[in-house]
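S.K.: Go by the hints and put chain B onto chain A.
Chains as they are written, first to last, in the working numbering: chain A, 11 to 318; chain B, 6 to 224.
Hints are computed from structural coordinates only; laboratory data are not their basis.
We put the CB at the ideal spot given by N, CA and C, even for glycine.
One thing to keep in mind: the hints can contain errors.
Quick list of simulated restraints, FRET-style, between CB atoms [as the list claims (entries may be wrong)]:
1) A:Gly-37 with B:Ile-187: 52 to 58 Å
2) A:Leu-262 with B:Met-103: 31 to 37 Å
3) B:Tyr-155 with A:Thr-25: 30 to 36 Å
4) B:His-94 with A:Glu-316: 27 to 33 Å
5) A:Arg-317 with B:Glu-14: 17 to 23 Å
Residues from chain A that face chain B, not an exhaustive set, calculated with beta carbons under 10 Å [to be verified]:
6) Ala-23
7) Leu-259
8) Leu-272
9) Gly-274
10) Val-275
11) Ala-279
12) Ala-281
13) His-285
14) Pro-291
15) Glu-299
16) Ala-302
17) Glu-305
18) Lys-310
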Amino acid sequence: MALQSLDIKRVSATTTPTPQVRDPVTGTVAKLIDVSKCIGCKACQTACMEWNDLRDEVGDSIGVYDNPRDLTEHSWTVMRFTEYENPAGDLEWLIRKDGCMHCEDPGCLKACPSPGAIVQYTNGIVDFHEENCIGCGYCVTGCPFNVPRISKQDHRAYKCTLCSDRVAVGQEPACVKTCPTGAIMFGTKEDMKAQAEDRIEDLKERGFKNAGLYDPAGVGGTHVMYVLHHADKPTLYHGLPENPSISPLVSLWKGLAKPLALAGVAVAALAGFFHYTRVGPNEVTEEDELVAAREADEAKHGRNEERS
Amino acid sequence: MKHDDLNHELRDVKGNRLIVRYTPNERTNHWITAITFVLLALSGLAMFHPAMSFLYFVLGGGQWTRILHPFVGVVMFLSFLILMLRFWHHNYLDKDDMQWMKQVGDVLNNREDRLPEIGRYNAGQKVLFFVMVACLLLLLVSGIVIWRRYFSFYFPIGIIRLASVVHAIAAWLLIIGIVVHIYAAIWVKGSVGAMVRGTVTYGWARKHHPRWFREIIGK
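Chain B on its own, in the form it takes in the complex:
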């Protein structure tokens, strides 16, 4: 870690010291995944429920949605795959995480001082990580089966029907997960900056991820 050398250089406009939480490559990787997700979720919802069919405009109409959605999906999967490999080792669940989940009431009511010391990621983030991994895998596999133009004719109708349902359920779960993910970023102030600018303040790290903070400052 080079943070020691940077301690006296990285400060925000208020003069708070900053820690690099995400590198430019990690941020780019995250935002490619995020942008493709938004395009896919909106265009997918258009095909899922008539009440959402106005969203066909997102990818340029019904025909273009049918053409582009799967390709954008492949981009999202590949981008997410790299993201997953980058962050996999940060997301092992431990005993403290179980305790964190038992105290989810304290989490939701901003009583973080009562929680066990959290490392780089909390249990909620870790669980969400693995939910996303599972959903992305299911979406890829089922998506290939229902990709009518290139692949569907390799599969029997029963498998195509199953894949259609699996694709819808996995997409739904992922959308709910991302709603939670986005809300958590809005709720815990300073989180959006971590992914946009790459940095968090010392205070942020110590408050939300104390164990990670101590690792960084080398205590």
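Same shape as in the complex, but just chain A:
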């Protein structure tokens, strides 16, 4: 078998189960981003570029600190800066490191029509295998967080891999390694939750009553979690969705509709086959031809008589 740390739990557009004998005893991994400790230095963006050999185009300033303006196929993580005036009238600079959340129930994987283009490892990481990607963009349609980006160069989808290659050999993701304030942490999901609890307690003591963990249940929890000072209002953080889940339309399209529709087509074809074998074809007999010919002749005859 291949590298145990890259054992696959789910594969896109595949109906049979993956190998399941090995099951990580320590559970899944998670990245914990403590927004309250982030200073917006963008070292994580740089580390991501370096480790993944990505170089985005140098963008332009649009009057805010966000640069690049948005996630792209070359920028798998972007700092989102929000200036929030709290009820006390003070300014809070909310800086969120945006990128793939590595959902436990990934909408991208559910929507993907290309076998093996999206996988979820047993450690929880959701990874795109671009060599199998067909560029249809269904992952974009399925994602509740608006993360995947299609390259204009090769028309394949890209996003944060959670440094699956590093994690596979026991290293933390590049952004975690580089973060100078320790705002980004990495470990088992269990450990990260415990870590978050400590931080939340601390934040509450400091007056952030609504501090909490962002690990949305609507997508089965995520393998990238945030500690937020205002966990009751995640949308403050550059529109982080409050209750993200796979859209019911996507669930219908790539869920129930699939087997039902195929069954419907099969039933229609079989109904035809059995109609033919039970009732039989509808044929024209020689007698039908004779009657028809006679009628035609009579009609012609009748017209000729009228004319004369």
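M.R.: Frame of chain A, contents of chain B only:
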């Protein structure tokens, strides 16, 4: 109609007299639509259900399917549009068609003699015509929305999701409709010839479309 002049010229190998049901242009138009439909249905099913993903070979693999499917779709739509304009006026539903639908049991059991006199098309064909018109329009509109390379970025995500579902449902309905269409052509002998050779025998016309037959012979 020039059929009177042709009556003594057009005969099949058995000597049965023939009526032209579809002109060469109509046949070509139909078969362009049919060929593109088959390519689209197979490549579309590949993207719809993993059990069908082996069908990616039809358009040359996954990437080529993603590239070609929408273009082939545009060809099908344009071809169908011309077909629709040609045949629209033949497909108005009337009272006899309602009666035909009530007697669908007689239709399915080859008891055509009990049915009201059918014109150029029967009610089943007419309904199918309008189902196809509706499906093709929905497929075009939703297909443009989910055409990632050129158009998707003009639309909000909610519309793209809706369009994905609409595209799948319309395609499914169309595929079922075409399964029925193809089966009816196999079941009612002589129908395939109408679209391949362009002609039907007098007996065929009188048996299946008596009102149309009488119009042709000028009774």
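S.K.: State for each hint whether it applies.
M.R.: Status of each hint after checking the structure:
The hinted range of 52 to 58 Å is satisfied by Gly-37 of chain A and Ile-187 of chain B, whose Cβ atoms lie roughly 53 Å apart. Separated by about 34 Å at the C-beta atoms, Leu-262 of chain A and Met-103 of chain B satisfy the suggested range of 31 to 37 Å. Range check, Tyr-155 of chain B to Thr-25 of chain A: about 32 Å between beta-carbon atoms, so the 30 to 36 Å window is met. Between His-94 of chain B and Glu-316 of chain A the CB atoms are about 29 Å apart, so this pair conforms to the stated range of 27 to 33 Å.
In this structure the hint that Arg-317 of chain A and Glu-14 of chain B lie 17 to 23 Å apart at CB holds, the actual value being about 22 Å. Using the Cβ-Cβ criterion of 10 Å, the hint placing Ala-23 of chain A at the interface with chain B is satisfied: the shortest such distance is roughly 4 Å. Annotation: Leu-259 of chain A was flagged as interfacial toward chain B, and the flag holds, the nearest CB pair being 4 Å apart, inside 10 Å. Hint on Leu-272 of chain A holds. Least Cβ distance to chain B is approximately 6 Å, under the 10 Å limit.
For Gly-274 of chain A, the shortest C-beta to C-beta distance to chain B is roughly 6 Å, which falls under 10 Å, so the interface hint holds. About 6 Å separates the beta-carbon of Val-275 of chain A from the nearest beta-carbon of chain B, less than 10 Å, and the hint is met. Of the supplied interface hints, the one on Ala-279 of chain A holds, with its beta-carbon coming within about 5 Å of a beta-carbon of chain B, less than 10 Å. Here the hint on Ala-281 of chain A is kept, as its CB sits about 8 Å from the closest CB of chain B, short of 10 Å.
Here the hint on His-285 of chain A is kept, as its CB sits about 7 Å from the closest CB of chain B, short of 10 Å. Hint status for Pro-291 of chain A relative to chain B: holds, with the closest Cβ pair at about 5 Å, below 10 Å. This hint holds: Glu-299 of chain A has a C-beta 4 Å from the nearest C-beta of chain B, less than the 10 Å allowed. Hint status for Ala-302 of chain A: holds, given a least beta-carbon distance of 4 Å to chain B, under 10 Å.
The restraint placing Glu-305 of chain A at the interface with chain B holds, with a minimum CB-CB distance near 7 Å, inside the 10 Å limit. The restraint placing Lys-310 of chain A at the interface with chain B holds, with a minimum CB-CB distance near 7 Å, inside the 10 Å limit.
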